[in-house]
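J.: Those protein sequence lines, which keep their order, are chains A and B. The first sequence stops at residue 210 when you use the numbering used here, and every number in between is there. The second sequence stops at residue 134 when you use the numbering used here, and every number in between is there.
Calculated directly from the structure, the hints in this document are not laboratory data. Where a beta carbon is used, it is the ideal one built from N, C-alpha and C, also for glycine. Any given hint could turn out to be false.
Think about it this way: if two alpha-carbon atoms lie no more than 16 angstroms apart in a straight line, the pair counts; the simulated EDC-like pairs of lysine to aspartate or glutamate are [what the hints assert, rightly or not]:
1. 197/A x 76/B
2. 197/A x 63/B
3. 197/A x 105/B
4. 34/B x 105/B
5. 58/B x 102/A
So the derived list for chain A, only partly shown, Cβ under 7 angstroms to chain B, looks like this [what the hints assert, rightly or not]:
6. 140
7. 145
8. 146
9. 162
10. 200
11. 202
Take a look, some chain A residues computed to stay more than 10 angstroms from chain B by CB distance [stated by the list, open to error]:
12. 123
13. 138
14. 139
15. 180
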Amino acid sequence: GEQVEQRPPHLSVREGDSAFITCTYTDPNSYYFFWYKQEPGASLQLLMKVFSSTEINEGQGFTVLLNKKDKRLSLNLTAAHPGDSAAYFCAAGLSGSFNKLTFGAGTRLAVCP
Amino acid sequence: DAGVTQTPRHEVAEKGQTIILKCEPVSGHNDLFWYRQTKIQGLELLSYFRSKSLMEDGGAFKDRFKAEMLNSSFSTLKIQPTEPKDSAVYLCASSRLGSNTGQLYFGEGSKLTVL
Numbered sequence: 098g099e100q101v102e103q104r105p106p107h108l109s110v111r112e113g114d115s116a117f118i119t120c121t122y123t124d125p126n127s128y129y130f131f132w133y134k135q136e137p138g139a140s141l142q143l144l145m146k147v148f149s150s151t152e153i154n155e156g157q158g159f160t161v162l163l164n165k166k167d168k169r170l171s172l173n174l175t176a177a178h179p180g181d182s183a184a185y186f187c188a189a190g191l192s193g194s195f196n197k198l199t200f201g202a203g204t205r206l207a208v209c210p
Numbered sequence: 020d021a022g023v024t025q026t027p028r029h030e031v032a033e034k035g036q037t038i039i040l041k042c043e044p045v046s047g048h049n050d051l052f053w054y055r056q057t058k059i060q061g062l063e064l065l066s067y068f069r070s071k072s073l074m075e076d077g078g079a080f081k082d083r084f085k086a087e088m089l090n091s092s093f094s095t096l097k098i099q100p101t102e103p104k105d106s107a108v109y110l111c112a113s114s115r116l117g118s119n120t121g122q123l124y125f126g127e128g129s130k131l132t133v134l
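Pulled out of the complex, with its shape left as it was, chain B reads as follows (with noise of 0.2 angstroms):
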């Protein structure tokens, strides 16, 4: 079975560009996550659908950073504008519905560098 895939790998952007982040889970899970990646935060989370669903929209990050699920193999995540500061490396990761054990499938993420 294929992993979870990330693109792109690597993105540069300027300070108040557009971005979207793209995420294929592993077939059949239902559950996705994004989360943020930095050094001295290490994982935090962005948002996470089950079934497509919402069910979680990380409070910080709610007014520049939308993630949106509009089949249930794929994913986008939103930055706009960008700044700075979204330097990070941004990881989606699966989960297989009614496993309830929690164990997440992680793709290798993405590097967005922002000038």
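Here chain A stands alone, though its shape is the one from the complex (with noise of 0.2 angstroms):
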């Protein structure tokens, strides 16, 4: 079945670089691929759904990438501040396949000031 592996698990950087978490998957026929936040104590909050129609999508301070050749989906978190601070999970899913997605391990960011 699919597997999903994200990169890196922890990441620490100062307030206003750049973030980058990366996942690749393995099942090609993978279609549906989002991004979920997870604060501390907190549940998972949609961040974005990407489908491999799109290969950039922007949000608010952030961009997604998906590169179906590679089979690589990625976030980067332009301009990190303190509020960013959390672990990011990275889900794929495929077509017909009844809302069932594979997560990413996750990468707990961290945004120093």
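Join the two chains into one complex using the hints; note that each chain is given alone, in its own frame.
T.: Encoded structure:
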């Protein structure tokens, strides 16, 4: 079945710097991709969903890139601030797979003032 | 709309005890998932229901873990008997049938500590 590898497991950056997180997946039929953010003691909140038809997606303060050829999904937090300190999880899903997602192991990001 | 509600938020059990965790999905959602979250393994799928029917029961968790969905608005996860290695956060998530976009709505989790 699908496997998702996420790197790095821990990341520490200074405020204002960029934070880059990458996931690689194995199933070329994966069609839906997600980034979730989990603040300490809180639930996972959807950050962005990406479909395989779109390669670049921009949100508030971050960019998500999807490289289907390399089966790589990345999250780039530009100008990180302390409020971005959280765990980030990527997830991949197959079309028609009943909403079942495979998650990466997570990246714990610390943004230092 | 209320989100996914999980109770209890914290549970401490002795080894060998039976514990039951509860979940109420988002109203109108038909897919319900139970995940176990640990720092080492990340999120592991325990069970998946669609319209109350069990679609997937995580193979590695079958012998002591049992999830049930008696009605569309309530699910339980029973762990019997508990072992210290079961200490983790148990997350419940739901999704809307027919969305086919995979977006899950998560509860805040039940943190289980087994002594």
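J.: Give a verdict on every hint.
T.: Quick rundown of the hints versus the structure:
About 12 angstroms separates the Cα atoms of residue 197/A and residue 76/B, which keeps this hinted pair within 16 angstroms; it holds. Restraint check: the Cα-Cα separation between residue 197/A and residue 63/B comes to about 12 angstroms, which is no more than 16 angstroms; the hinted pair holds. Under the criterion of a C-alpha separation no larger than 16 angstroms, the hint pairing residue 197/A with residue 105/B is inconsistent with the structure, at around 23 angstroms. For the suggested pair residue 34/B and residue 105/B, the alpha carbons sit about 10 angstroms apart, so the restraint of at most 16 angstroms is met.
Proximity of residue 58/B to residue 102/A is assessed by CA-CA distance (about 14 angstroms); at most 16 angstroms being required, the pair is judged to hold. With a cut of 7 angstroms, the hint placing residue 140/A at the interface with chain B holds, because the nearest CB-to-CB distance is about 4 angstroms. Taking 7 angstroms as the C-beta contact cut-off toward chain B, the hint placing residue 145/A at the interface is violated, the least distance being around 10 angstroms. The beta carbon of residue 146/A comes within 6 angstroms of a beta carbon in chain B, closer than 7 angstroms, and the hint placing it at the interface holds.
This hint is violated: residue 162/A has a C-beta 19 angstroms from the nearest C-beta of chain B, more than the 7 angstroms allowed. The beta carbon of residue 200/A is positioned within 7 angstroms of a beta carbon in chain B (closest approach about 4 angstroms), and the interface hint is therefore held. A distance limit of 7 angstroms between C-beta atoms decides the matter here; for residue 202/A the minimum to chain B is near 3 angstroms, and the interface restraint holds. Taking the minimum C-beta to C-beta distance to chain B, about 16 angstroms, the non-interface status of residue 123/A holds against the 10 angstroms cut.
Residue placement check: residue 138/A does not keep its beta carbon more than 10 angstroms from all beta carbons of chain B (closest about 8 angstroms). Chain B draws residue 139/A into its interface by the beta-carbon criterion, the shortest separation being 6 angstroms against a cut-off of 10 angstroms. Every C-beta of chain B lies more than 10 angstroms from that of residue 180/A, the closest at about 19 angstroms, which supports listing it as non-interface.
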